[in-house]
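J.: Following the hints, put chain L in place on chain U, whose structure we already have.
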Amino acid sequence: MNRLGLTDWNGPVMRRRLARRYAAERRFRLLGLGAVLLSAAFLAFLLVSMIGQGATGFLRTEVRVTLDFKAAPLLIDRAALAGRGADLALANAGIPAHLNAAATTAYGGEGAGYLSENSWLDVRDAVRDDPALLDGKASFWVAAATAIDLAAKGHGTAEAKAAYAKLKQAGAVRKTFNAGFLTRSNSNDPTRAGIWGAFKGSLLTMIVTLLLAFPIGVLSAVYLEEYAPRNRMTDLIEVSINNLAAVPSIIFGLLGLAVFLNTWQLPRSAALVGGLTLALMTMPVIVIAARNAIKSVPPSIRDAALGVGASPVQVVFHHVLPLALPGILTGTIIGMARALGETAPLLMIGMRAFIATPPDGFTDPATVLPVQIFLWSDEVSRGFVEKTSAAIVVLLAFLLAMNGLAIYLRNRFERRW
Amino acid sequence: MSVAAIAFLVIGLGLIGWLSARTRAARFAAAADTAAGAAGRPHSLPFYHGWYVALWATVPALLFLAVWGWTSPALVTGAVLDTPAAALPESGIERGALLAEARALAQGKLAGAFNDEAAALAPAYRAAQARFDGIATVLALILAFAGGAYAFTRVRPDFRARTRVERAVMATLLVASLIAILTTVGIVASLLFESWRFFSMVSPVDFLFGLRWSPQSAVIAGQTNQFGAIPLFWGTIFIGAIIAMVVAIPLGLMSAVYLTQYAGPRLRAWMKPALEMLAGVPTVVYGYFAALTVAPALRDFAAAVGIPGASSESALAAGVVMGIMIIPFVSSMADDSITAVPAAMRDGSLAMGATQSETIRKVLIPAALPGVVGGVLLAVSRAIGETMIVVMAAGLAANLTANPFASVTTVTTQIVQLLTGDQEFDSAKTLAAFALGLVLFVITLLLNIVALRVVKKYREAYE
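Chains as they are written, first to last, in our numbering: chain U, 70 to 486; chain L, 135 to 597.
Hints are computed from structural coordinates only; laboratory data are not their basis.
Note that this is a predicted model, so its numbers are computed, not measured.
Using N, Cα and C, we set each Cβ at its ideal position, and we do this for glycine too.
Keep in mind that a hint or two might mislead.
Unchecked claim - No farther apart than 27 Å at their CA atoms in a straight line, the calculated lysine-lysine pairs in the BS3-like style are these:
hint, chain 1, residue 1, chain 2, residue 2
1, L, K406, L, K563
2, U, K364, L, K590
3, L, K406, U, K364
4, U, K222, U, K235
5, L, K406, L, K496
6, U, K235, U, K206
7, U, K206, U, K139
8, L, K496, L, K591
9, L, K591, U, K364
What the hints assert, rightly or not - Some chain U residues near chain L, calculated using beta-carbon distances under 8 Å:
hint, residue
10, E94
11, V117
12, I120
13, I145
14, I310
15, N312
16, I319
17, L326
18, V449
19, A466
Said to hold, decoys possible - Not close to chain U: a few residues of chain L, all C-beta gaps over 12 Å, as computed:
hint, residue
20, A141
21, A254
22, F333
23, T535
24, V545
25, K591
Just chain U, same shape as in the assembly (with noise of 0.2 Å):
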C-alpha cells in the first residue's frame, strides 16, 4: 500500500499473488486435459487389449501328419461316402488311431500329444471332400492341441514351447487363417469353437427386435407428437415411455422370464423370445429419438401441407414422416446396437445354454454374441481366452460399423430448419 491507501497492483505482494493465481489457473487446466486424456487412455488401452488378444483367435495352428492308407487302410465302404451318411461311416472307421499312430511315427513318443484331440475331424473332412485320397499316401494339416497353439502364439508352458520349436525345425507346423472360428458354432474344445451359430442366434434375435420395435416405437412417437390430446392418458403414457428409458435391462429379463416364458409359455433359449424382450427395452430409446426428429420439423411444412387440403393423417405420413425419417433411423440404429450388445436379459430367458448347433428359426434353442463371449470368458481352458477376445473384436466391429453408419445417416441426411 502506498501513502494514499490504494492498492499498489504493481507491488511485489500482488504480483506474487497474481503469480500464484496463474499458477492455479494452469494446474485447473492440466487436470482437465489429464481427465480428458486419462478417459481416452481408458478407452484406447480397452481397444488395444482386446484386439492385442483377440487378433491371435484368428488364427490357428497346424501340424502335418503324413497317413499311409495304402499300408493301413481304413476300414470302410467306399460306397457310404457318397451319400449323407459319410460323416457316420467316417467316424466309424478309426481315424482317430491312425492319426495318433503316423504323428508318435513321425514325432516321436508325444507326438500324439501335439495333435488336438479333435483333430481327425480335420482328415474326416478331407476325405469326405475326396475320397481318392483313400487310395494313397497323403499328408494332412491337422489342428494343433492347445498346448502347441498357445506355443506357437508365444504363450504357454516351456515343455510346449520346446515341442512347438522342434515341429517347427521340421517344416511341420503352420499358423493359418481359422475359417472355422467365423464358419463353426460353440464347441467345448477351443480349437474347434466358433462364433457363426452365436451370430446366427444374434441376426435372428436382431430381426423379431426391429420388426416389433421400430413400427411400435415410431407409430407411438408419431401419436405423442402429433395427435395425443393433453390428457391423462397421455400423461401416462410419457411417464411410461421416460421409465422404461432408464430401467435396469435386467429387469426387462425378468420380465420376459415371468411373462414369455412362464405365463405364455413360449420356448425356452429362443431367438423369439430374446427378440420380444430386447425390442421392450428398445422401444422406449426409439420413441425417444423418434419424437426429438418430429418434433425438429418445423411447423411451416404442417400448416403448408393443411394448407393445401390435406387432412391431418396425410400430412404426417407424407410430410413430417419422410421429413424426420433420417434423425429417426440414427436413433433405431443406436438403440439397435445396445441391444445387439445386451447379455443381461438374455440370461434370464435361458439363452444361455450350450448351442453347438445354429439356430435354424426363430424357437430354435440359439444363443447370441455377447452371450457366447460371457460364456466362454467362463471357460477354464486356457484356449478360450484368445476366442474370447477375438468374439470381443467381432462384436465391437459390428458395433463401430452400426454407430458409424448412424453418424454417416446424421452428416448425409439431416437438416437444420
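T.: Positioned in the frame of chain U, the structure of chain L alone reads:
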C-alpha cells in the same frame, strides 16, 4: 392347414380385395371426371377404397386367428383326452410328457415314438388337429369373405373411405403407444406378483433388514431366515454408488469442464465422440476386461502392499471399471448444464478480473450444480442396475465389508445367480430374485424421478 398358412391366405384375400376395390373406385372416379367435372368427383381417392376393403377383409379374420392360435392347443388336447385311446397316467409330469410326445409325433417332428402310449395317441392327435384346423380355416375364410364383401358393397363415389381408413390409422397409433403402458404394467405386475409369493414364505422385515444372505443353505435346510439382503444392498451401493462414482465424477466433470471451456473446436470434435464411445462398449466387454485384466492387477498390487483379504474378485475392480463406463453419462450431463448457464454470468465474472478457472469454480459450477447432481443421480441409477460387469468381476460371497480389495456381491449378481440354475420356479430361491428385482426397480425409479425433477427445476430457473 396351420394357423400361419391360413393367415397368409387371408392376407392374399386382402390383397385381392385391395386391388379390386381400387380398380372399381378408379373406374367411377374416371367416369366422374369425364362427366361432371370437379363437382361430381368422389370423396376419396381410389387407394383409400382399396385400403378400406383390405382392412375389412383381413383385420377381423386375423384377430380371430390370433385368438384361435392362443386357445386351440388346449382345445385339441381336450378333444384328444376325450377319446377312448387316452388311458393316461394321472401324474402331471408323465402325462404332460406323453402328450407332448404324441403332439410331436402327430406333427411329424419326431420320427419314432419312445412310449407306446404316445404312439397310440398320435392318430387321435392328428385327427383332432385336422378337425380343428378345418374349423379354423372355414371360420377365417368366412370372416374374410364376409368382411371384404360388406366393405366392397360400400365402395361408392360418395362413400367417405378416407375418413374410415384414417380412423383405423389413429386406432393403430393409439394401440402402439399403449404398449408402453402395457410393458410398465407387465413389469410391475410380474415383479409384485412373484415378490408377493416370496414374501408369503419369507417375512419382508427379514428380507429387507436381515444381515445373512445364503439362499443355497436355505434351500437345503428348509429355513427361511437366510434371505437377509442387507449385504447385497451394501455391496451394490459400495460398488455402484461409491467406488464407481469416485472414478466417474472427477473424470467426467473435469472432462466436461475442459471440453466446454478450454478445448479448441478440433479437440472437442474428436474427444466428445471418443468419450461417448465408452458408453457404447457392451457391458460384457467391460466385464471381461475387469475380470481378466484389472482384477488380477489389483490383487497383485494389494498383495504387494500387504493389504489383508485381497480377493481376485474385488469390489474395487468391478467398481473402477464401472466408473469408466459411467464417465460419459456424467460428462454429457455436466456438459449440457454448463453450456446452459447464461453467458452473461460467465462474462460478468471474467470482466471483474477473475481467471478462467476461478470463473469455472466459483460461478459456472455452482450455477450448473443442480444439472450436475441430476446427472450424477442418473449415473448412480445406471450403475446399480448394471449387471454384466459385477456378474463377471464381483464375487458371490455376501460380505459386509468396507475393504475395497475384498469380495462383495450385488443385487444384480444375485438375481443372475438365483435364476440361472436348474431350479423349479416355485422355490423361495428363485422367487427371491423377483423380490430383489422389485427393490432394484423401485430404487432406480425413485432415483430417476428425483434426478429429472432436479434437472427440470434448474432448467426453469434459467429460462
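J.: Give a verdict on every hint.
T.: Results for each hint:
1. L:K406 to L:K563: Not OK: K406 (chain L) and K563 (chain L) at ~45 Å, beyond 27 Å, violated.
2. U:K364 to L:K590: Within the cut-off at roughly 19 Å; holds.
3. L:K406 to U:K364: Given that 27 Å is the threshold and the Cα spacing comes to 25 Å, the pair holds.
4. U:K222 to U:K235: holds, 15 Å
5. L:K406 to L:K496: Given that 27 Å is the threshold and the Cα spacing comes to 25 Å, the pair holds.
6. U:K235 to U:K206: OK: K235 (chain U) and K206 (chain U) at ~24 Å, within 27 Å.
7. U:K206 to U:K139: holds, 7 Å
8. L:K496 to L:K591: holds, 21 Å
9. L:K591 to U:K364: holds, 22 Å
10. E94: The hint holds - E94 (chain U) has a Cβ within 8 Å of chain L, the shortest such distance being about 4 Å.
11. V117: violated, 11 Å
12. I120: violated, 12 Å
13. I145: violated, 26 Å
14. I310: holds, 5 Å
15. N312: holds, 6 Å
16. I319: Hint on I319 (chain U): holds, closest Cβ of chain L at ~5 Å, below 8 Å.
17. L326: Holds: closest Cβ of chain L sits about 7 Å from L326 (chain U), inside 8 Å.
18. V449: violated, 14 Å
19. A466: violated, 12 Å
20. A141: Fine: 15 Å to the nearest Cβ keeps A141 (chain L) off the interface.
21. A254: holds, 25 Å
22. F333: holds, 16 Å
23. T535: It holds; T535 (chain L) is separated from chain U by about 24 Å at its closest Cβ, greater than 12 Å.
24. V545: violated, 9 Å
25. K591: Holds: least Cβ distance 17 Å, greater than 12 Å.
Going down the numbered hints, you'll see the structure goes against 1, 11, 12, 13, 18, 19 and 24, while the others check out.
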